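A.B. asks: We have chain A; now place chain B onto it with these hints.
Here is what each chain is made of, one letter per residue.
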Amino acid sequence: MENVRKIIENFTCEYVENYKKTWLKAKLSSKDDLLNLSEAIKKEGLRSLSTVSPTDFLEDNIMEMNYFFEDLDTKRNLWLKVDLPRDKEGCKIESLTPLFASANWHEREAFSMFGVQFLNHPDLREIIKSEDFKGVYPFRKDFDWDAHEKNQTQNIQQIVDAFKKEQNENEKDLDPDSSETILNWGPTHPASGPIRLRVHCDGEEVISIDPDIGYVWRALEHLVTKKDFVGAIVAVERLCFMDNINSMVGYCMAVEEIAEVEITPFASWMRVLLGEVARVSSHFMGLGGFFNNMGLHTLGMWNMDTREFFLDFLESYSGARIATASIEPGGVRYGLDMSMFDELQKALDKFDNSVGEVEAVFVKNPTMKLRSDNVGILTKEEVHEFGLSGIVARASGVKTDIRIDEPYAAYGELDLEYITQEKGSAKDRFMMLFLDLKQSVEIIKKAKAHIEKAVADAKMNPTKDHMVKVPKKLPKGEAISRVEWARGEVLMHLVTEEKAKTPYRLKMRAPSFNHTMMLNHLLKGQTLADIPLIFGSLYICQGDLDR
Amino acid sequence: MIDTLFSAFVFPGLLYVLVWTVGLFWFFRKFMAALHKRVGPSFNGKAGSYQTLFDLSKLLTKESITPDGVNPYLFSIMPLLAVIIAMLPAAFIPWMDGLVVVDSDYGLLALVILIGIEPFLLFLTGFGSNNKYSFLGGVRILTQSISMETAFFLSALSPALLFGTMNLTQIVEQSSWFSFLILFPGLAMYFVALLGLLEQPPFNIPDAEQEIVYGFYTEYSGTNYFLLKLAEFAEFMAVFAGATALFLGAYKGIFFDSYFFFFMKMLGIAMLMMTIRAATPRITLAQMLSFSWKYMVPLALLNLAWVLFAKSLWFMGA
Numbered sequence: 010m011e012n013v014r015k016i017i018e019n020f021t022c023e024y025v026e027n028y029k030k031t032w033l034k035a036k037l038s039s040k041d042d043l044l045n046l047s048e049a050i051k052k053e054g055l056r057s058l059s060t061v062s063p064t065d066f067l068e069d070n071i072m073e074m075n076y077f078f079e080d081l082d083t084k085r086n087l088w089l090k091v092d093l094p095r096d097k098e099g100c101k102i103e104s105l106t107p108l109f110a111s112a113n114w115h116e117r118e119a120f121s122m123f124g125v126q127f128l129n130h131p132d133l134r135e136i137i138k139s140e141d142f143k144g145v146y147p148f149r150k151d152f153d154w155d156a157h158e159k160n161q162t163q164n165i166q167q168i169v170d171a172f173k174k175e176q177n178e179n180e181k182d183l184d185p186d187s188s189e190t191i192l193n194w195g196p197t198h199p200a201s202g203p204i205r206l207r208v209h210c211d212g213e214e215v216i217s218i219d220p221d222i223g224y225v226w227r228a229l230e231h232l233v234t235k236k237d238f239v240g241a242i243v244a245v246e247r248l249c250f251m252d253n254i255n256s257m258v259g260y261c262m263a264v265e266e267i268a269e270v271e272i273t274p275f276a277s278w279m280r281v282l283l284g285e286v287a288r289v290s291s292h293f294m295g296l297g298g299f300f301n302n303m304g305l306h307t308l309g310m311w312n313m314d315t316r317e318f319f320l321d322f323l324e325s326y327s328g329a330r331i332a333t334a335s336i337e338p339g340g341v342r343y344g345l346d347m348s349m350f351d352e353l354q355k356a357l358d359k360f361d362n363s364v365g366e367v368e369a370v371f372v373k374n375p376t377m378k379l380r381s382d383n384v385g386i387l388t389k390e391e392v393h394e395f396g397l398s399g400i401v402a403r404a405s406g407v408k409t410d411i412r413i414d415e416p417y418a419a420y421g422e423l424d425l426e427y428i429t430q431e432k433g434s435a436k437d438r439f440m441m442l443f444l445d446l447k448q449s450v451e452i453i454k455k456a457k458a459h460i461e462k463a464v465a466d467a468k469m470n471p472t473k474d475h476m477v478k479v480p481k482k483l484p485k486g487e488a489i490s491r492v493e494w495a496r497g498e499v500l501m502h503l504v505t506e507e508k509a510k511t512p513y514r515l516k517m518r519a520p521s522f523n524h525t526m527m528l529n530h531l532l533k534g535q536t537l538a539d540i541p542l543i544f545g546s547l548y549i550c551q552g553d554l555d556r
Numbered sequence: 043m044i045d046t047l048f049s050a051f052v053f054p055g056l057l058y059v060l061v062w063t064v065g066l067f068w069f070f071r072k073f074m075a076a077l078h079k080r081v082g083p084s085f086n087g088k089a090g091s092y093q094t095l096f097d098l099s100k101l102l103t104k105e106s107i108t109p110d111g112v113n114p115y116l117f118s119i120m121p122l123l124a125v126i127i128a129m130l131p132a133a134f135i136p137w138m139d140g141l142v143v144v145d146s147d148y149g150l151l152a153l154v155i156l157i158g159i160e161p162f163l164l165f166l167t168g169f170g171s172n173n174k175y176s177f178l179g180g181v182r183i184l185t186q187s188i189s190m191e192t193a194f195f196l197s198a199l200s201p202a203l204l205f206g207t208m209n210l211t212q213i214v215e216q217s218s219w220f221s222f223l224i225l226f227p228g229l230a231m232y233f234v235a236l237l238g239l240l241e242q243p244p245f246n247i248p249d250a251e252q253e254i255v256y257g258f259y260t261e262y263s264g265t266n267y268f269l270l271k272l273a274e275f276a277e278f279m280a281v282f283a284g285a286t287a288l289f290l291g292a293y294k295g296i297f298f299d300s301y302f303f304f305f306m307k308m309l310g311i312a313m314l315m316m317t318i319r320a321a322t323p324r325i326t327l328a329q330m331l332s333f334s335w336k337y338m339v340p341l342a343l344l345n346l347a348w349v350l351f352a353k354s355l356w357f358m359g360a
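As you go down the protein sequences, you meet chains A and B in turn. Using my numbering, you'd call the opening residue of the first sequence number 10 and step up by one each time. Using my numbering, you'd call the opening residue of the second sequence number 43 and step up by one each time.
With the rest of the complex left out, here is chain A (with noise of 0.2 Å):
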């Protein structure tokens, strides 16, 4: 860390400061000092950015980019500041793709949403939102959302015209007398979910892919800034329905930050516990997906069978099964009645008696190997380079868990480990979802056993402990959160103003859009056939793609 600071001494910074255990706070002074820094703290050794934010302060006249870079090895990061001006001519500033792969759709989205120019960004073309926007950048403050929702027909026609004209032009540039076409892979395609792959190829052989995103594009980050503190969970749990839990908590741990609210115990591990329940129940569906992709329905089906065990216990802690708008700033919502641990019990019991004979029927299954041993293979040199994190980083060898890296909730008390898997092929990844499944079990048994147990010697009380109060109103401030999500690591940056009553701007780093990034990498030269093989494996959601 000493290095990494001395580094930025080298160039005028208006503050270095420590944030955090593992973070560094520098804001430079001049944007031109951008890419010589990030260059040198490159090769220091923190290789990947996690995201790049920008932040529009209407009456500073000012849009600040937070640059967020990360060093998966040693756990060191930065998080990096630089204003520009705000008006359309001056708001450039050199682009850090050719240097960090990930920065590029990272870039795109910052193009498209608050209209910052990329110098040299080899592919600035506007991503996630619909066509309607073109040309303007709906996060901007002065975006006048209501004028645009007006014109609803205009808009529609939009979209229409340029489908159309996408329609005509789509084979364009194909020599027509060749066998190569363009196949439109969602987003209606049985395996895609709402995202459009544009596959060139020829024949069975993949040429290049182009994916098109933002089909479910809800500007989430957009609506948390309409909602208060509380009411702000149901658009972050909104990121993606599988791993709802996670999520809440990341943006309560920044808000709690911006309070100074420290959650009690009993909270914190009820966060451990609902998390992981979130995330075995987000990585169910992710084992059968991974089957579906290839054409086998069972063990979708039997996940099924258990998660119903998972989900019924978290209908019975909050009424909801799937978006339980559970986690809450200053704890958890619910109180807890230990009668409803008998629920969680039985999903535990059903696993325990079910897992053996997906282990062997499916884990071991030869015919999977057989297809997804050798193909879509991530270095760990691809993961630091591209910014991937969770089970597909994991599945390369990188030893990356925010869980350990930088504990929160409780996760700090329990005594965990890396589960790595060497080659980093789709087999891989899927057996790295499979162990962190079965990790996730054990974590929420032992947080189950602490809970009783403290309960039991009377040093928790479960329904009155659940929360902590945290003022309506929040005094001006920022914070970063992380948090380990079923897909990889979420970060939020969370900024509010003086006597805030509502997030001034809610910038949600999700996994997939990185994952997302490498398709067109992974399955150059690939058949057909390892289209949703490797899509499946990349364990990819289409909600916190878009936002």
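Rather than coming from a laboratory, the hints here were simulated on the basis of the structure. Each hint should be verified, as a subset may be incorrect.
[Unchecked claim] Derived DEER-like restraints, expressed as beta-carbon distance ranges: (1) A75/B / S348/A: 32 to 42 Å; (2) P199/A / G295/B: 35 to 45 Å; (3) Q176/A / F162/B: 25 to 35 Å; (4) T388/A / F220/B: 53 to 63 Å; (5) A458/A / A75/B: 35 to 45 Å; (6) L183/A / F162/B: 21 to 31 Å; (7) F162/B / K447/A: 42 to 52 Å; (8) I331/A / K104/B: 28 to 38 Å.
[What the hints assert, rightly or not] Straight line, CA to CA, 30 Å or less: simulated DSSO-like cross-link-like pairs of lysine-lysine: (9) K533/A / K336/B; (10) K432/A / K378/A; (11) K373/A / K79/B; (12) K72/B / K378/A; (13) K138/A / K174/B; (14) K174/B / K181/A; (15) K174/B / K533/A; (16) K359/A / K79/B; (17) K508/A / K236/A; (18) K373/A / K72/B; (19) K336/B / K373/A; (20) K79/B / K457/A; (21) K72/B / K355/A; (22) K271/B / K88/B; (23) K174/B / K174/A.
[To be verified] Beyond 10 Å from chain A on every Cβ pair, some chain B residues (computed): (24) L47; (25) F51; (26) V61; (27) G65; (28) L123; (29) V143; (30) V144; (31) S146; (32) Q216; (33) N246; (34) G310; (35) L314.
All of these numbers come straight from a predicted model, not from anything done at the bench. Backbone N, C-alpha and C fix where the C-beta goes; we use that ideal spot for every residue, glycine too.
C.D. replies: Frame of chain A, contents of chain B only:
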């Protein structure tokens, strides 16, 4: 005259194929549901037995959409041809002692050829759909059938070589427990090739839903789709019945001979196929090709050599 009409429309003709399709469809659903830990159809009729009937009659009444830019005749005649070709083999099968519609000395040849034409018709359905996914599915089915049929035919020939006749009735009459053992490698290979020919997992490459939507089926709807499904299930019957007649002694039973045993043997093959379906993911086209030409075809040839050897050892002069 009456006999011919009965054969054509009742048994083993149209009605039989329809009942078989409805029944087998329902059985597949229930059997698969049990393997999936689901319930399967359960509302209509006893254990959901009417469900398939309703589904098929619904398809018949739905609009059959012909996409823009295709030849409507090619598009609509292919499903019809596919059904007819798929139903024809039933005429050559000895369903019961003395019950075979066409008792030909070339029954086996007819069976093999009629089964072999079917994939080509399905290729044409894909070719005539003017859809990229259908076309890819069509090309895939052609690739697959060419490579799988070689092994299929070679293993189907082994009983003919052993018994010295292509007449299916005579093959059944001469079969015994001993010949079953000799032909067992042939049966195993016939079964694997059958999976490839019927596009069943792990060889369900031509209609791989996650890759090319529904392959050659993609553009078909309503009656045409119903006909294609009917052809698929009639094809199941032809291939299962072929296996039963060639290797398993057709209607021959333990204490008495009856159609009941024929049916149970076909059902056994269907159940084995389903179980494999529930536990095996799909392989890729390249893997299927190398499996077929590197292993299946040489093994099928070796099997012929084994059958000839066995014949010279135990069946000469008999």
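A.B. asks: Run every hint past the structure and note whether it holds.
C.D. replies: The hints, checked one at a time:
1. Checked against the hint of 32 to 42 Å, the pair A75/B and S348/A passes, with Cβ atoms roughly 34 Å apart.
2. A C-beta distance of roughly 44 Å is found between P199/A and G295/B, which places it inside the suggested range of 35 to 45 Å.
3. For the pair Q176/A and F162/B, the supplied restraint of 25 to 35 Å holds, since their beta-carbon distance comes to about 33 Å.
4. Under the hint 53 to 63 Å, the C-beta atoms of T388/A and F220/B, about 58 Å apart, fit the expected range.
5. A beta carbon spacing of about 37 Å between A458/A and A75/B agrees with the range 35 to 45 Å that was offered as a hint.
6. At about 29 Å, the beta-carbon gap between L183/A and F162/B stays in the expected band of 21 to 31 Å.
7. For F162/B paired with K447/A, a C-beta distance near 49 Å keeps the hint of 42 to 52 Å intact.
8. Taking the beta carbon of each, I331/A and K104/B are about 34 Å apart, inside 28 to 38 Å as hinted.
9. Between K533/A and K336/B the alpha-carbon distance is near 27 Å, which keeps this suggested pair within the 30 Å criterion.
10. Among the hinted pairs, K432/A with K378/A is consistent with the structure: their alpha-carbon atoms are about 13 Å apart, no more than 30 Å.
11. Note on K373/A and K79/B: the hinted pairing holds, with a Cα-Cα distance of about 20 Å set against a maximum of 30 Å.
12. Note on K72/B and K378/A: the hinted pairing holds, with a Cα-Cα distance of about 29 Å set against a maximum of 30 Å.
13. Between K138/A and K174/B the alpha-carbon distance is near 28 Å, which keeps this suggested pair within the 30 Å criterion.
14. Annotation: proposed proximity of K174/B to K181/A holds, straight-line Cα distance about 16 Å (limit 30 Å).
15. Restraint check for K174/B and K533/A: the C-alpha separation of about 20 Å stays at or below 30 Å, so the hint holds.
16. Taking the CA atoms of K359/A and K79/B, the gap is about 14 Å. The hint holds against a cut of 30 Å.
17. Between the alpha carbons of K508/A and K236/A the distance comes to roughly 15 Å, so the proposed pair stays at or under 30 Å and holds.
18. With a C-alpha separation of about 26 Å, the suggested pair K373/A and K72/B falls inside the 30 Å cut-off, and the hint holds.
19. Of the supplied pair hints, the one linking K336/B and K373/A holds, its CA atoms being roughly 25 Å apart against a limit of 30 Å.
20. As the CA atoms of K79/B and K457/A are separated by approximately 29 Å, the hinted pair is consistent with the 30 Å bound.
21. For the given pair, K72/B sits about 28 Å from K355/A by alpha-carbon distance, which is consistent with the 30 Å threshold.
22. In summary, the hint linking K271/B to K88/B is supported, as the alpha carbons are separated by about 24 Å, within the 30 Å threshold.
23. Of the supplied pair hints, the one linking K174/B and K174/A holds, its CA atoms being roughly 20 Å apart against a limit of 30 Å.
24. Its beta-carbon lying about 42 Å from the closest one in chain A, L47/B satisfies the requirement of being farther than 10 Å from that chain.
25. Interface exclusion of F51/B from chain A stands, the closest Cβ pair being 37 Å apart, more than 10 Å.
26. The non-interface label for V61/B is consistent with chain A: the shortest C-beta to C-beta separation is roughly 28 Å, beyond 10 Å.
27. Distance to chain A confirms G65/B as a non-interface residue, since its nearest Cβ pair spans about 23 Å, more than 10 Å.
28. Residue-level check passed: L123/B sits 27 Å from the nearest beta carbon of chain A, beyond 10 Å.
29. Every beta carbon of chain A lies more than 10 Å from that of V143/B, the smallest distance being close to 37 Å; the non-interface claim holds.
30. With a closest Cβ-Cβ approach of about 38 Å to chain A, V144/B is found to remain outside the 10 Å limit, as its non-interface label requires.
31. Annotated as non-interface, S146/B keeps its C-beta farther than 10 Å from every C-beta of chain A; the closest such distance is 39 Å.
32. Interface exclusion of Q216/B from chain A stands, the closest Cβ pair being 38 Å apart, more than 10 Å.
33. Residue placement check: N246/B does not keep its beta carbon more than 10 Å from all beta carbons of chain A (closest about 6 Å).
34. Listed as outside the interface, G310/B is consistent with that label: its C-beta sits roughly 21 Å from the nearest C-beta of chain A, beyond the 10 Å cut-off.
35. Remark: the non-interface label on L314/B is consistent with the geometry, its nearest Cβ contact in chain A lying 16 Å away (cut-off 10 Å).
In summary, the one numbered hint that this structure violates is 33.
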